[in-house]
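Novice: In case you want the letters, here they are:
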Amino acid sequence: MNKNHRVPSNRSLSAVEVKSKFGAEFRRFSLDRSKPGRFDEFYGLLQHVHRIPNVELLVGYADVHGDLLPINNDDNYHKAITTASPLLRLFLQRKEEADYTTFGTDSLTRKKNTVLSAVLLRPDTNRKKTPVIISLPRDFRPVSSIIDVDILPETHRRVRLYKHGQEKPLGFYIRDGSSVRVTPQGLEKVPGIFISRMVPGGLAESTGLLAVNDEVLEVNGIEVAGKSLDQVTDMMIANSHNLIITVKPANQRNNVVRGGGGGGGGASGSSGRSSDSGASYYGYSSQGGVAAAVSMPSHIIQNFPVGELESDEEDEDLVIEAGGEAEPIRRAPSNYSMPTLPRYEPHLNLRSATTSTSALSINANGTLPASGSSGSLGNANAASTTPSPDRATERRSLEEDGTVITL
Amino acid sequence: MMKFRFRRQGTDPQREKIKQELFAFNKTVEHGFPHQPSALAFDPKLQLMAIGTKSGAIKVYGAPGVEFTGLHKDTTAVTQIHFLPGQGRLLSLLDDNTIYLWELVAGAPREVVTLLHFLHPLLLLSATRVTVLLLLRSCDLLCIGTEGGGVYFLELPRLTLKDSQTLLQDQITQSLPDDYRCGKSLGPVESLQEHPQQPGKILIGYSRGLVVLWDLSTRQVEQLFLGKQQLESLVWERSGNLFVSSHNDGGYSVWTVTNGNTCNQQPVSSTIPYGPFPCKAINKILWRTTQTGSPVLLYSGGMPRASYGDRHCLTIQQDKEHVTLDFTSRVIDFFTVHSIEQEKEFDEPSALVVLLEEELVVIDLQNPGWPSLPTPYLAPLHSSAITCSFHISSVPPKLWERLVNAGKAQQGRQHAHGSWPICGGKNLAPPPKQQELLLTGHEDGTVRFWDASGVALTPLYKLGTANVFHTDCDPCDDPQDPSNDPDMQQEEEWPPFRKVGCFDPYSDDPRLGIQKISLCKYSNKLVVAGTAGQVIVLGLSDERSDHMVDVSVVDLLQDREGFTWKGHDRLEPRLKPAPFPPGFQPLVLVQCLPPASVTAVALHAEWNLISFGTSHGFGLFDYHRRNAVLARCTLHPNDSLAMEGPLSRVKSLKKSLRQSFRRIRKSRVSGKKRTITTPTSKVQEANAALAEQEDVAPVQRRIEPRSADDSLSGVVRCLCFADTFLRDGTHHGPTLWAGTNSGSVYAYALEVPGVGSGRACERGGAGESSVCVEAVLGKEIQLMHRAPVVSICVLDGRGKPLPDPYEASQDLAIAPDMTNAHSVLIASEEQLKVFSLPKVSAKTKFKLTAHEGCRVRKVALVAFSSTAQEDYSEHTLVCLTNLGDMHLFNIPALRPQVRYDCIRKEDISGIASCVFTKNGQGFYLISPSEYERFSLSAKVITEPLCSVQLDRPLEPTPLVKPEK
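Residue numbers (numbering that gives the first Met the number 0), protein chains in the order written: chain P, 0 to 406; chain W, 0 to 963.
Excised from the complex, chain P in its bound form (with noise of 0.2 Å):
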């Protein structure tokens, strides 16, 4: 009955037909390739196809080429549907069971059958041998990136720093000093809070993005001057989740070349430095990460699931509320009048070649659950809007005898 009109109707009324399997189950359905829905209404249809509403998964599909690609966002799910012909085949896994290695991006040198083999059959043997493991896109994660360079003077530079959950300390100090400024009477000294130390190994040294004697200007769209060490040490603490800092770099030859469009060949030119250290520094699975990293595809940060993003930018906001009376932010629009887009657009247009190599210091350890990246993030303002898949994982580190909600 099926066969009766499925071939000639799926072209004709661009369905696509899918096949999922989970375990030793199939489930056959189909959707509408024109408007394919959103990623998580898709990941809820197949928990109820599966009848497996509370089950944690990782979605496989078998592109083209029978690599086994996973399917974590809209995008790669958009892609997905639009290059099944005709059938898309997924692959479920429960995440706890997960087996990451069997994603495949080097398709040309592996045959189908190995990878679909290794989901089917998991042989330990094919473990082994993985020379590289590199987690899932949906666990890289920016650690840090230059923003708005388009609008800062060339001497300042805006960095974000994302602290997440991850047990590496942001690691820098500030210090009072003072800063001479131009003025129409001759150079003035003015108060002002300095960056006076790195933490070895910590995040701000690790992007090399900030550095010792930097002056810092704003903290997260607010200016400091006038404020206490004492205050700015505060308002740092306070947006440590989503630490965005304005400096004046004390070394200024690093600055960002203003105009070069970016592209692959302004990362040498811009901020060698900061690639150089942000690679090495991340890389630190030493089975090669490095050179993944580096040829890693910007689209990566567009993988980046954004409600990740906006769930810090929920809880960690750059600024007050609509109608908060406090004095209007510059490029800062409420969180409720724009809830979906991140803030800073350079951040995803990724505008300038140094805010792509600095993006992509990737946490490449395979061994890193996936839960790991937003273990600790608590993002419960997120699983109001999308139903994270982390949270059940989150909320089992802090269960005891009650509801516990993370915020």
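Hint data in this document are derived by calculation from the structure and do not stem from the laboratory. From the three backbone atoms N, C-alpha and C, an ideal C-beta is built for every residue, glycine too. Incorrect hints may appear among the rest.
Quick list of in silico lysine to aspartate or glutamate cross-link-like pairs, DMTMM-like style, CA-CA up to 20 Å [to be verified]: (1) W/904 with P/229; (2) P/167 with W/541; (3) W/904 with P/175; (4) W/407 with W/541.
Simulated restraints on C-beta separations [as the list claims (entries may be wrong)]: (5) P/181 with W/796: 56 to 66 Å; (6) P/37 with W/11: 35 to 45 Å; (7) P/52 with W/817: 26 to 36 Å; (8) W/775 with P/74: 39 to 49 Å; (9) W/730 with P/47: 28 to 38 Å; (10) W/328 with P/183: 55 to 65 Å; (11) P/47 with W/812: 29 to 39 Å; (12) P/47 with W/796: 32 to 42 Å; (13) P/52 with W/869: 54 to 64 Å; (14) W/95 with P/183: 36 to 46 Å; (15) P/183 with W/869: 54 to 64 Å; (16) P/37 with W/811: 46 to 56 Å.
With the C-beta cut set under 8 Å, the calculated list includes, among others, these residues of chain W facing chain P [stated by the list, open to error]: (17) 308; (18) 309; (19) 698; (20) 699; (21) 700; (22) 701; (23) 702; (24) 703; (25) 784; (26) 848.
Following the hints, position chain W against chain P.
Specialist: Structure of chain W alone, referenced to chain P:
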């Protein structure tokens, strides 16, 4: 239109107007005793007393409620104050050799005298230092004695120097006999006293001992008194026939002034009262005549140097009656209140007023035995150090009356009922609309109840908690303060000491210190919690009672293994019945284990529940059934500091180790020279150079998010009871909320028999008394930013805070809205957040720290009434930050309303001591002994409103330029 208004509230003129009608910041009055007083003066005509302080403040007091304050521009100690009697003016001499003239001026309503108006300063020649001032009775001439021995004369009120009048020492030395002169200087002028009967004649006393009677009109030495002892002070007898001088050796001499005798070699009599062994100087002496018999002699000091040289004493002597008042702090100055009418023959002193460093003592000289009088103001709040405070607005009259009676019973045998001698001015303030109570907890385990309804903060009642415990001191004599007890006078002893005053900074046991207080004004239940984990529930009783106090121990560590408490021991409860005087009497003692200091306490008298928290956890106790309902440990497994107690050495060792490592590391870092090869600009170069310079010893701050491992993360910061929706949106019931130092909030659903609609009723049939209160954990919230939770408050369906216990059930307040969804307001040090209930999802928030760089220290929900509309009021969240400023937010929207600078940010103890009233006022300590009262409300203001009848018009005198 409406939409527009809502969207842009900040600039809405209508809203701005409402704000002005609601909010206004004023520091209104200072309660308590001025810190570090340094000068005292009395205006016998106006009956006003002035006190000057080391910080340059002058405070004038009259009848209770009559108060004026003036502050010199510089914070220089006021060394002397002199009233221009009857004029409402006074002169102040400062430590920096400047003289200021002040006057009282009219305030907004003309008859009201509001403040001391600073008239003008006179800067004296720096060559010589002013030692004494004398203002002639005619008030037109000021005599200035100096260190160089010269006497200068200034015309008043313009303070112009009369050059021709100046009297230098040479002029005096000429008339001295040769054998007295012996080539030495006469020393600084120590005393200047005007002849009581003959205006224009002054007595000048020089340090070396010489006393001269000088006639101002003829500019002649009238008489010489060749004293041999170093002079301290002089005083005339009323008739002017004799004067008394006091000396450095602890003696005093009486000299007669007989006409015609120009040179007196010897005094009539010379006495060293506490001789024969060496004595300390008599700093000041007064001689007051009485109609009934011999004069009253009052002098300070003169104690035998070896045995009592360290005592602060003042002696009152009349005939054979001799009392040595023994104070706990230094005598600054004293005066007597006596008859000043010229025609009267005798002084007839009625009272002695002694200003001590820490308190004011007034002795009734009219009643036999010279009892001390209770002071209606200037109460020494710090008689034992203040450790916490609690305020109760609109106290029910019944409770007030019982407290007053309990207080009277306490004071009854200590004080005479003489009238207050300083009664100048008229208090125009309307009687307070409601009675307000301020409770202060002290280091010695006492709780003092103060009448805070008006301008004068007066003691009502004092509660001691030491007698619940078995302390080192003898349990038989402890409940009463022995200091004021006349029985304690040791009659046999010489000198005849009598302890006077209540300043007693020494605590028997620091563990007795009170940390938290909560009082239910409707049920008269009081909870007092202290340093050693003791939580005492007290009830009010009008009868004396001897009973045992029930003791219950709650282990807050529960089953946590591996923790050992290294701090102080718990206080041993008394094992036999103890006598408790009328007033608050202890019912139950709940002892937390480990006995760490109690950090939070909550009382719900309607449910008979108390909750208490320490650095280890929190507990819930049913004081009616005397059983512990719940104990919850909040310790983080990594938290080792929580076990060390307050007096641990481990902490400091750890800290010092860390610091020394830091030092080593720093020196290594600075050893490396950074080289800048291509500086982009001059500015860069200069900046870098500056940075190098400052590298020496920079104050650094580490930027790191708070983590769960931070020490003392388990400290329970706040507790709150509420009748709200925790489990579902349809059934409300009793809940308990607790917030910790690491941003955790625990919410328990309680089942209180007979309360709420829950299962309790179904079980009710089994017999109420056997049913126990139960607590079930409902929600656990971890704030993402992990900042300490400062306050938790549940808001009703209309967004208003829930009323206090009994208020709803007894129709004392508007019943809370239980039909719409409730919400909970959680204030952490960094953020204010409102969550909906029962789902606990964030509704609104304000990130104060992220935006302003300040941290929340104290939070209160306050009802502000409008000045314009009688019935309009708004509930507002008042937030005091670590920078000492007040931020006001509306609730539940959490929109900032106004911000006021209130306390200096350096004044950490001031910020920590701040307590708010429910109607927009507040108190904070400006010194260990003084509360500043402030008002955030435009309507509710408690400030002095008084008038003084003056000889002169009240218009301010035009400012005169100082002349040198």
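Novice: Each of the hints needs a verdict: does it hold here or not?
Specialist: We went through each hint and held it up to the structure:
1. W/904 with P/229: Holds, at about 11 Å.
2. P/167 with W/541: violated (63 Å)
3. W/904 with P/175: holds (18 Å)
4. W/407 with W/541: holds (12 Å)
5. P/181 with W/796: 56 to 66 Å: holds (59 Å)
6. P/37 with W/11: 35 to 45 Å: About 40 Å separates the Cβ atoms of residue 37 of chain P and residue 11 of chain W, which means 35 to 45 Å holds.
7. P/52 with W/817: 26 to 36 Å: holds (35 Å)
8. W/775 with P/74: 39 to 49 Å: holds (45 Å)
9. W/730 with P/47: 28 to 38 Å: holds (32 Å)
10. W/328 with P/183: 55 to 65 Å: holds (58 Å)
11. P/47 with W/812: 29 to 39 Å: violated (51 Å)
12. P/47 with W/796: 32 to 42 Å: Since the Cβ atoms of residue 47 of chain P and residue 796 of chain W sit about 37 Å apart, the hinted range of 32 to 42 Å holds.
13. P/52 with W/869: 54 to 64 Å: With a Cβ separation near 58 Å, residue 52 of chain P and residue 869 of chain W satisfy 54 to 64 Å, so the hint holds.
14. W/95 with P/183: 36 to 46 Å: holds (40 Å)
15. P/183 with W/869: 54 to 64 Å: holds (57 Å)
16. P/37 with W/811: 46 to 56 Å: holds (54 Å)
17. 308: violated (47 Å)
18. 309: Residue 309 of chain W check fails; min Cβ-Cβ to chain P is 43 Å, beyond 8 Å.
19. 698: holds (6 Å)
20. 699: holds (4 Å)
21. 700: holds (4 Å)
22. 701: Holds. Min distance 5 Å.
23. 702: holds (5 Å)
24. 703: holds (5 Å)
25. 784: The hint holds - residue 784 of chain W has a Cβ within 8 Å of chain P, the shortest such distance being about 6 Å.
26. 848: holds (4 Å)
In the structure shown, a violation is registered for the earlier hints numbered 2, 11, 17 and 18, in ascending order.
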